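K.L.:
Residue numbers (my numbering), protein chains in the order written: chain D, 1 to 103; chain Z, 1001 to 1664; chain R, 2001 to 2204.
Just so you know, these hints were derived from the structure itself, not from any lab. Since the model is a prediction, treat every value here as computed from it, not as a measurement. Yeah, the Cβ is synthetic: ideal placement off N, Cα and C, and Gly gets one too. Wrong hints could be hidden among the right ones.
So, partial list: chain R residues that the calculated Cβ filter (under 8 Å) puts toward chain D [what the hints assert, rightly or not]:
(1) 2052
(2) 2100
(3) 2142
(4) 2169
Chain residues, written in single-letter form:
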Amino acid sequence: MSQSLEAYLILSALLFGIGTFGFLARRNAIAMLMAIELMLNAVNLAAVAFGAFTPALQVHAALIALIVMAVAAAEATVGLAIVIAIYRNRRTPLVDEYASMRE
Amino acid sequence: MHFATEPTVGSGGQLDQLLVIALLALPLAGFALTALVGRRLYERAWVIAVSAVVLTWLAGMYLVYRTLIENAFGETGLRFTLYEWIAVGGFEVSVNFTVDALAAAVLIVVCTVGMLVHVYSIGYMAHDPGRWRFFAYLNLFMFSMLLLVVAANLLLLFVAWELVGLSSYLLIGFWYRRRSAALAAKKAFLVNRVGDFGFALGIMAIWTTVGTLNFSEVFEFLPAALGAGQIEQWHMAGIALLLFTGAVGKSAQFPLHVWLPDAMEGPTPVSALIHAATMVNAGVYFVARANPIFAQAPEAMLVVAAIGIFTAILAASIAFTQRDIKRVLAYSTLSQLGYMFAALGVGAFTAAIFHLITHGFFKGLLFLGSGSVIHAVHDEQDMNRMGGLWRKIPITHATMLIGAIAIAGIPPLAGFWSKDEILAESFKFGFWWVWAIGVVVAVMTAFYMFRLMGKTFYGKSNVDPAVEPKIHESPRSMTVPLILLAIPSVLLGMALGLPIGDGALHHWLEPVFHEAQEVLHLPHEPIALFGIDGVLLLVGATAGALGLALGIYFFGFFGRGEKRATVERLTDRLRPLYNAAYQKWWFDHLNDLIFVRFGGVVARALWWFDVRIVDGAVNGIGAVTQGAGRGIRHIQTGRVQNYALGIAAGLLVIAVTYLFLVAR
Amino acid sequence: MALPPTVPFLDWAWDDLIFLVLAGVMLAGALFVVIGRDIIRSGLAMIVAFAALAGIYVLLGAVIVAAAQVLIYIGAISVLILFAIMLTQTKSGPGALVFHRQWWAGGLAAMGIVLLMVIAVINTDWPGKVGERLWSATGAIALLLFSDGLYVFTLQVIALLLTAAVVGGVFLAKREEAPDPGEPRPSTLERLRRPVDVTPPEQP
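Chain D extracted, bound-state conformation (with noise of 0.2 Å):
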């Protein structure tokens, strides 16, 4: 099983359904954000995996899951930024609080 990539991609297709799953349904904002990093990795994966059973692209996946990595630091830093900001204006990280821009 670990001979096929089959495995990684239906691997990294669950742990995105779990980010997924996790960002739409979680009321705390950072929990949010961390289910966002799961996606984040599970798209990782997936390269990675690509990577691994094509020689050619080896290298190139990897370097892609490094710069992914970079992107997903970077945003992580600015979102829990703002959730802190926010956090001191609503007293609370629940996302409902967050809704003022509505009808």
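We have chain D; now place chains Z and R onto it with these hints.
P.N.:
Just chains Z and R now, kept in the frame of chain D:
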């Protein structure tokens, strides 16, 4: 601008064409100028308008002279085109004019009476602050009427037709603050419209049949088409009847006669000019001009005669009972117009035009005279409150007496000759019922005219005692036209109509009508003065004399006054008849019921439909949009996760659709 | 001691077993992240998941990536998240709901996406075999990044991105100072000497 002339004999010289244009331009300019600056001229507001009309009269009389006396334009008359007006696809209409014998004959009346009415109005309207408007409208009317007379194609005539109606509306409702006047003006316009609608349909029918609207072409092509079998007889009769509808409206024949009595709300000069001498004659003039068409449709002519003579007797009966002096004269006009249409209907075209001319003069005289009377008794119009005025306003009385004798048909005054010719020709052409009714109407006419004279001028005075000492004769600006109109009322009949059947008018109008008379196979026998014609002459004169005698007997003459008691006893005995006549045979009530009340119901139903259904649909759309908006706005929750859910769901939908439906 | 060629009793390859274990741990951790009520526990579960993922990377032969995963994700991002959790503490008692009212819709959407991808994966023919483990791919990566490889420009952009992220993060999270017109502003040195006021500002 250059004048495009047709290369026929009758095109006339530059001067003639210029005069025709002046004929139209002068009153139009008078209207424009008076409308613009008249208000600031105060008492002198009449100057522009009256000078314009006097100049117009000069131009008109010169043209009449050229056409009739000098016969400078031959049979076809003066014809020329001013400019090309409409040229759209196959539809071409130009502004072209024609002055032939018929137009010239009518011009005599229009210009002369028009000018005299203008002069009369100087005095009559001297105290009215709106007189600048009055003179402006009068000039507008002159322009419209003259355009109507000289127009050479149907569309131009129709424009003038409508303009005349407009001027009539403006003038009837001149004292617009008076509710009755405003209503009367509206009534006149609406009833006219009904006639105009038929007229327009007739014009359209002509256009679709022969493709042109010029008189000369239409009168040639249309009969030719019938002769060649290209159109059916009923088609021709239909066109004739549609055109006649317009005449019925404009000349107030039954059933569109209801507006003329109400039109008396306007100032008396208006009644004299428009509703006696000119506008109402437009219908007669047009039918006479369209005689080639009518000659081809004897059924239509029968209808014309029937309606004409019926109107004549209907109106005369109503005139028996009216108390307002102007109303009597209005119904009298209706009656005389009926005579004219009866004459047209039996084929006596020249007789109809003859009566048109003489009637224009003596009816104008009578109206202006009545205006003088009203002026004298300080705006009282009820004859029962007049009486004994013959001593106090002698000039008015004398001229009105002349007018009354003229209209009664007593020889040798003008009315006798024209009316008698109508009756005689009706008899000789075989329409003995028209003749019989006409004789009865002649008696009635004389009777009610002398009823009017008796109540107004003779016997003892019933004038309001407060007004009595202030009765005075009218100023010269008013009495001079009266005198000037009295002269033709006496002489014109003989001047135009003698020798009988062969007079000057007959010679002039012969080229206009002779073809029609050929087609209708009208007898052309010479006049036998000691045969049938003499008898008819005698009958006509006797009828008039009988009516006059009866009128004098019941209502007085000079010193002797009305036989009140006798009259009242007779009235009681004939009470139902009297009531019917007094109520105008309930025709106005009928109109009110059908059009106003029932029409109101229909209108209300349609209004409901419009508000509920049409507006409801439109509002409904708005409501739907609003409701949809209100519903959809709940999507905007402001929560990112709801939006993300939307994205995820959308992504799924797109992917599934693509994978399983598109990329099969 | 040498490992038997396949797992005893089950007769699987060792790699398969390791793969299953790591995958299971990772999925379990991820599930706990999204389901767990206590958010600190969620954060720790995330760290476990990352670690398992690093193991899977090694299994796939991308050792550099595994190292980077541990360094960046577990070392930096997870720590950052834990800090943020601490700074935004709320009382998470039984009253506070963990999930929205729409959680079932979210679950459905997620399952749909997963299903989609799984079906796509299964219905495709993939090539065969795991490549070798790249113990030292650093040179190759360096060449790609810095020399005339494809990713030079990408590197610069990422550098810029990270700078922006740092500056932005600092600026966003900065505490607002309520302007106090009456008093003269104390100098930085004085503020450093004075004990820091940690009471939260008034509700706006």
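K.L.:
Against the structure, test the hints numbered earlier, and report the numbers of the ones violated in rising order.
P.N.:
Those not satisfied are hints 1 and 3.
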